[in-house]
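Since the structure of chain A is already known, use the hints to place chain B on it.
Keeping their order, the protein sequence lines are chains A and B.
At position 62 of the first sequence the residue is numbered 62 (the numbering used here), and the sequence of numbers has no breaks.
At position 523 of the second sequence the residue is numbered 523 (the numbering used here), and the sequence of numbers has no breaks.
One thing to keep in mind: the hints can contain errors.
No more than 30 Å apart at the CA atoms, straight line, and that leaves these computed lysine-lysine pairs for BS3-like [what the hints assert, rightly or not]:
id: 1; chain 1: B; residue 1: Lys395; chain 2: B; residue 2: Lys431
id: 2; chain 1: B; residue 1: Lys240; chain 2: A; residue 2: Lys196
id: 3; chain 1: A; residue 1: Lys203; chain 2: A; residue 2: Lys176
id: 4; chain 1: B; residue 1: Lys115; chain 2: B; residue 2: Lys310
id: 5; chain 1: A; residue 1: Lys202; chain 2: B; residue 2: Lys172
id: 6; chain 1: B; residue 1: Lys431; chain 2: B; residue 2: Lys406
id: 7; chain 1: B; residue 1: Lys317; chain 2: B; residue 2: Lys431
id: 8; chain 1: A; residue 1: Lys79; chain 2: B; residue 2: Lys283
id: 9; chain 1: B; residue 1: Lys310; chain 2: B; residue 2: Lys169
id: 10; chain 1: A; residue 1: Lys203; chain 2: B; residue 2: Lys37
id: 11; chain 1: B; residue 1: Lys395; chain 2: B; residue 2: Lys189
id: 12; chain 1: B; residue 1: Lys240; chain 2: B; residue 2: Lys172
id: 13; chain 1: B; residue 1: Lys115; chain 2: B; residue 2: Lys283
id: 14; chain 1: B; residue 1: Lys282; chain 2: A; residue 2: Lys79
id: 15; chain 1: B; residue 1: Lys283; chain 2: A; residue 2: Lys201
id: 16; chain 1: B; residue 1: Lys395; chain 2: B; residue 2: Lys406
id: 17; chain 1: B; residue 1: Lys312; chain 2: B; residue 2: Lys240
id: 18; chain 1: B; residue 1: Lys161; chain 2: B; residue 2: Lys115
Don't read these hints as lab results, they were simulated from the structure.
It should be emphasised that the depicted structure is a prediction, and the values quoted were computed from it without experimental measurement.
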Amino acid sequence: MKEKQKKRAGLTRRGFISTMGISTVGLVASGRVSAWGGKEGVTTTEAGDMHRMELHVNGRPHRLLVEPRWSLLHVLREKIGLTSTKMGCDRGECGACTVLMDGVPRYSCLTLAVEAEGHEIITLEGLMDGERLGPVQQSFLEQDAYQCGYCTPGQIMAGEGLLRARPDPSLDEIQKGMSGNLCRCGAYRNIFEAVKSAAQKKKEM
Amino acid sequence: MGEGQRDLYYTKGLDVPDTPQPGTSPEPWKETRIIGKSIPRVDGYARVSGAAVYPSDIALPGMLYGAILRCPYPHARVRSVDGTVARDMPGVWAVITGSMPEADLDWSEGGVTTKLFDSHCRFEGEVVAAVAAEDSYQAWDAVREIRVDYEVLPYLVDERKAMESGAPKIHKDGNLVEKNTYARGDVEKGFVEADVILEEVYRSECLIHTPVELHGCVANWDGDLVTIWESTQGVYAVQKKVAQVLGMPLSKVRVIGHYLGGGFGSKLQAGKYTVIAALLAKKAARPVKLFLTREETYLATGNRPPSNMKLKAGVRKDGLLTALQFSCSGTGGAYPVGGTALVDWLIRDLYTCPNVSSEMIDVFTNTGPARPFRAPGHPQGSWALEQMMDALAEKIGMDPVELRLKNIPTYSQAREGNPPYTTTGLEACLKEGEGVRLERCPNPDSGRERQRRPYPKGCGHGELSVVCRRRWSSLHRHRKALLGRERQPEYGSRRHWYWNQNHYGAGDRRGTGCKARDGPDRVCGYGYNSVCHTQRGQQDGSY
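Just chain A, same shape as in the assembly (with noise of 0.2 Å):
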């Protein structure tokens, strides 16, 4: 097996740039994405290459090894098992990959694996209360706000992450709040009335 790998290796030189130090982590998460190329600290590794990790996920520390070029979402779906975290275009535009990351809404199909580290990941099983729903769950459920229920989870995630930030959005926010996660049955007006009716939920408690 060795043998093969060096030959693979050798025939495909498919460098993958990490992102491993803390300054690195830091930049993308702030979003300057372009501030990988070039800099110190960053080191080149071949596909294959596993490297070691520690993701928080709905307050569970889970020790991983990990491709660097792995997806939050690959590692959530097939390596942690939490698959209510969907995949539907692999590319930030449909939005049902969506996880809270420090409590903002976040595509998991844009994000590496590895620049997930030390953030706090919560994804649509880390509302659930035991078996009891969350408030924008359970608004999610009274409102009928769901056809098909693959591009769910991503919205109630996204709607999680709008009330965090605006504990009572208006009609227009929510829309806003709300336009980065498609619905392919047409469920956007039961959407934005379930988010306005667990904004109402949250005050509640």
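For chain B alone, coordinates are given in the frame of chain A:
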């Protein structure tokens, strides 16, 4: 049944009347707990809690990930495929190409039989080879290392040029799939009787379904039995196709699809990826998850094809239609999968008209195969017909709703034997649409107060035949507003039935119902199956 049992299972302490004797009517219940109430969906908790396991969420011990190499050219011939490098890459368990005996399988589509991995690639996205590896990233690494020698051929993607001399031939017999004609009465006589005759050309463009859950499946072998968790609207269609292609008895193919992240018609049947997943799983002797990328679903899993329509219509001053003459050309792509199927159905059957003729020409192009999309052919046909009805109404100075009300048939004009309708609901639809209030809603595009315009509220969703006082063209302009703001139905209400069509695409665990015109008493598919295998609506034969 004992009282205790009854309470436990059904009534939770409510006083339930006994079954009435024959010939007597029971008193109506004064209070109901379910009927007339808005209640959460039975599978709602699973969907909002993340507990619902969609096919793409399936994880089996030792599961591998599949990826497919697809032809990057619209028209090409594969000279050779070399997967030796890919096979030796880390994590790779299986590589299959068309030259391997186990992958040398027939694939029938629309009456044309080719190979599963056909060396003649007739559209961009046709399968060429496939890989199973321990990780999806490794699988894609391996796909990139498969070397293919293509002979690139001239291609044709515009169906309007398919019949020109010198157009590239997609199948050996040329580019014409079929020409369908239909006629009743005498159209020429009808036009003579008409007071107003209008003729218009309409075109509809290609649309892609784009359900948010990608197409794909997980396949696992247990001896000679294969189990497939497929994201599908039709488990039996998938079972049949897989059994047919692999030459297995139906009893050895099990298809499971508890949840479905949207389909809208594109997941009514198995794709080549389903069989490929089964082949990879067999070869690797491990379960294989094969979900396509979004780009692949755009190329190869179906679309509503474009159509070019011409409609000539005659109407009398009193509003009775005298003649409809329709012609349409369209394409189902590279395989004969009904490019113009049912496009003329509404012209034939929706409104009373004694003299109708239609001609439909279906051609081949180097594009991905078509699939039904929210009722095959109907959206295109109604795009032409309803605009024409509005134009006719304006020409004879009649209200567009009144014109339609005057032409409601009581029997099917185009079906053999002209069976009468028990109920059509078309009149109710029209009248409800007529009564729609124009409410002031904010424009979702701007959100600014000064741009607030009135939108018709409460009508129009997806592909349903929207009938209201607004012109179709203006509805089309406002479709964004409509889609964002449609009113969801109260379950149990009549409107619920009108809208139930949505759930065909959603594939949820509730029953699925009938189509807009059928009304509440014409349920044509209702079940509580874990998978909604929908039946065709008897009245209009659509999904």
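Task: Enumerated hints in conflict with the structure, sorted upward - done: The structure conflicts with hints 2, 4, 5, 15 and 17, although it agrees with all the remaining ones.
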